[in-house]
Structure formats: C-alpha cells, structure tokens
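Trainee: Could you build the full structure based on these sequences and the hints that come with them?
From first to last, the protein sequence lines stand for chains A and B. So for the first sequence, the working numbering puts the first residue at 1; every next one is plus one. So for the second sequence, the working numbering puts the first residue at 1; every next one is plus one.
Mixed in with the good hints, there may be bad ones.
[What the hints assert, rightly or not] Straight-line alpha carbon distances no greater than 25 angstroms define the calculated SDA-like cross-link-like pairs of lysine to any residue that follow: (1) B:Lys65 - A:Phe206; (2) A:Lys124 - B:Tyr192; (3) B:Lys65 - A:Val38; (4) A:Lys103 - A:Met117; (5) B:Lys65 - A:Ala51; (6) A:Lys245 - A:Tyr154; (7) B:Lys65 - A:Pro36; (8) A:Lys104 - A:Ile187; (9) A:Lys245 - B:Tyr47.
I should point out that these hints are in silico values taken from the structure, not numbers from a laboratory.
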Amino acid sequence: MYARVATCWTILRISLEERLVYRGDFALGTLMRFLPIVTQMFLWMAVFDGAFGAGRGPGQQIAGYTCHSIIAYYLLTTVSRAFSSMPGLSSGIARDIRDGTVKKYLIQPIDMLTFLMLNRVAHKLVYYVVAIGPFALVFYLCRDFFPEHPGGLYPGWPDAATLAAYFASLLMAFLLGFLLEATLGMIGFWFLEVSSLLFVYMLFSFFFSGHMFPIDLLPGIWGELVRLIPLQYLAYFPAAVFLGKVTGPELTHGLLIQFGWVVFFLVAARTAFRRGVRRYSGFGG
Amino acid sequence: MHTRPHYFRVLLTFLRNSLVRDMTFRANFLIDTISSMSWVFMNLGFYILVFRYTPTIGANTGWGKHEFFLFLATTLLINGVIRGLFLSNAIEFSEQIRTGTLDFALLKPIDTQFLVSLGRIEWSAIGPFACGVLLLVYSLFQVHYLPGPLQMVLYGFYLLCGVAIYYSLMIAMAATSVWLGRNKTLLDFWFYITNFSRYPMEIYTGTYGDPIRWVFTFLVPVLIAVNVPARLLVRPLSPQSREDWLLLPFAVAATLGSLIVSRWVFNRSLLSYRSASS
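Mentor: What follows is the structure, given as structure tokens:
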C-alpha cells in the first residue's frame, strides 16, 4: 500500500516538474484562449440587438438567456473546458499502441490508466496555478455579466450549496473527460489509425458539449438527443449549474447521471484495455 | 549562365506534384476532404440556429440570414484558398527554420518566399472551397438581388486582396520563428486573430468594440479581408455610404501595405537565420 502511494507520488512529482518547464508559453497561451470569447461576446450582443433592437433589458431573452447571462455562460464554459479537455490524450494512447510504447505498461508494475491519470492531474494542477491569473483577470473585468443570484454568497456568485454542486460537477467533468478520451484512445488496439475518428469526436464535442453555444438553443428533438449523450457534462452542465439553470431535484438528478457516465466510462476503459492487451502483440524492443 | 526561373511553370509543377502525392494516399485525401467539409456544415448549423432567434445580426445592419450566408461564403472562399495554398507551407516553414532544413530552400535558384510559400499544395481544401461556392450561389438566389457584372469583378478582386492580407499575416508570423526559436502556437495565433474577421465588422461597436474594430482595420487589417468583398456582394453599388466607398481604396492600400511589410519581415528573418545543425 505504502509503496503504491510512493509510486503515485513520484509519478505526480515528475509530471509536475516536466510541465513547469514551459510556464511562460503557457500563461500567454491561456490568455490568448479568451480571444475567441471576445468575438462570441460581440456576436451575441449583435444578435440581441438584431432580435430586440438596441438597448438591452432583462426581459429580452433568447432560450432563457439574457444578453449578459449568455456571455457569462461562454466565460463559464472556459472553466468547464479547463477541467474536461484532455489535449492529446486519445491520440497519445493510440500512438503508444501503434509504436509499441504500450509494452512498458505491460512489463512494469504500473497500471496504464493510473499512470496517465496522475500525469493529467499534474498537468491540470500546473495549468490552474499558471492560469488562475489570466482567468481571475478576465472574470474580474467581466464581473457585470454575471447575473444576481437570490441568496448568493457575493454579487454574481451562487449560494454555497450550488457552488458545492458546481465544484462536484467540475471534478466529474475532469474524470469524464479523461475516461472518455482514454476509452477512445483504446480503440487503437483494434484500428491502427484513429485520427479521423478522433477528429469526428472533436467536432461533435465542440458543438454538442455546449462549448460552441448553450445547448438550450437546440430546438425539439435535437435538444433532447444532445441531452441524452454524455458530452453536455463536459462543458454545458457545470456552467448551467453555476448560472442557476439547474436547481433542486433536477440538479441532484443531473449530478447522478454525470456520475453514472463516469462509472460507465471507467468500466469501458478498463474493459477495452483488458481486451485490447489480449489482442496486442509486441515485437522486438 | 543566369536564367530567371519560370515562376508560373514552377507553380504548375507544385500543383501537379501535390496532386500526385495526394492521389497516392487516396483514402487519406478523401477523409481530409470530408472532415474539413463537416467542419463547414457544423458551423453552418450553428448560424442557422442563431438565425432562428434573430432576423439580423446587429440592429439595422442589413446582415439578415442570407446576407450573412454570403458573408460566410466569402470567408469560406478566402479560407479555402489560404488552407489549400499556404497554411501547411507556413507551418512547414517555421519547422524548417527550427530544424535547419531551410538551407535547402535557400540554395535553390528561385525566390525563397515563393518556394517556401507554395511548395506543397493541399488539394483537399477544394472541399470547403466548393462548399463556399455552393453557399454563395444558393444565398444569391435567396436574397432576390443579383449583383451586376462590375460588382462581380470587384468582388473577385477584393477576394484576392483578402487572400493577400491573410497570407501576409501568416507568413510574417511564421517568419518570427527565427527569433522565437520555435513557433508552435503559430496556427493557434493565426486562428485567434483571423477569428475576429469571421463576423461583419458592424458587430464591434461600443466602448470596447470600437478600439477592436480600429485595431483590426488599421493596424492588423484582417477585418478588411472578408468584410470588403462581402459588403460589395450584398449591397447595391450605387447608394453606398461614404464609409463604404472609402473602404475600397483603403482595402487596396492595406493589401499592398501588408504584402510589403510581410516581405520585409520575411527577408529580415532570412538575414537572422542561422542554420541549426552542422
């Protein structure tokens, strides 16, 4: 037990140090990532102007969003994505399988999923340490966009219980993002080239996770379909929780379903790895 | 003996070689084309969604659904050309600087910028480009307004200006790899900047909007690239505002300026280039 914890700690520490090498590039990259949000802000202001004429009031809503709350929504999705996005995870796993690096997990007493998970935890931790500055700056500048909450802790902040639910959903967004992408990467055991499949996934996740637009905008059957798939928990759901769009039993229900998807993909990733390793054949080395 | 290379013939060779290369990996080419087109369709879906909730983008701007689709088609055409001709070359260029393989390009008896910018052509960009053409034709039928021949000629001309502005920005940014050592985020950065030109310039108004519009019109003229040709297509030529008329000569000046500055940056970067390996 102790040895296991020590191993995990070492992996975590190495990954942390590895990540801190490029911190300047990192901070700049974080700030730049808000630029597309700026265009989205102006686009939505123009959309509201077009729909209701210039001059904005609280009664002017599109799919339950005011001009301000939709901008707050876009800002909040950047936080969701900071937890759920896993750049290069699936393609990395698929590459390791193709070029045989995956052998090292079969020989060494480390579980691949645990190793990769710790690696990501370290990356994310470093990311938050570096990114908290740019994030705080942008959110402070945009503080007026956040709607008042009745009983909120602070203007623009929800109450403690909602905030707790928000953090829980963010944490699960991280787990879900990790496990979902890991499972996709394991498909590499069956198909050698998965890059086009990953592109399709990227496309879907961009549009239907709520990253591109709040999924409440989707009409009829489309909206219902998108709510059935797990992608919304990667960006939309945490943001909606923060904005107070999901409350009461609906909130508990949502968190439970999100948890259900985490468990589902945990089992899926484990199963895929076990089956995949059985198919896998490594040569030379 | 010193002969001037025949640039047009070299370009044709590049086109042919790239096509041969693409056709060697046919399935890959097909997947590339389809995936870049699916990106276009997804975006189109998003705008259809937006126009379910509003008749126009901005109050009294004239950018209704199909007018905006003409704008979008213009973006697709310009991006299609950029992606097809220059994008992978610019990425390759900053990689060549980093690894030192630029030496081979410098030794060739041809203008280095020409060689570096056009060496490899991505035929799969034909997919989104064709989407742009189709969307253009479809939207023109929908707006019940047919632009005159002069307008079409001007549209074509300003489309090329837009391509030139985008290209200048890209090649200048790729050239900065010489000083930065490595420019991994080139693609991101270029994407982030041109992202501002994806919408009509009228949306940038107000305390924060006006400076943004100013910067991306006069300092880094990316807003000009798509807006000027798109406006030409959407609005009749005769009752145009003074501002619209002024934009036309300004766009030409901005294009020339961008080309000159990027050429200068490119040449400067070559002077600072020190081959990487032995």
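Trainee: Tell me the numbers of any earlier hints that the structure contravenes, in ascending order.
Mentor: Checked against the structure, no hint fails, so every one of them is satisfied.
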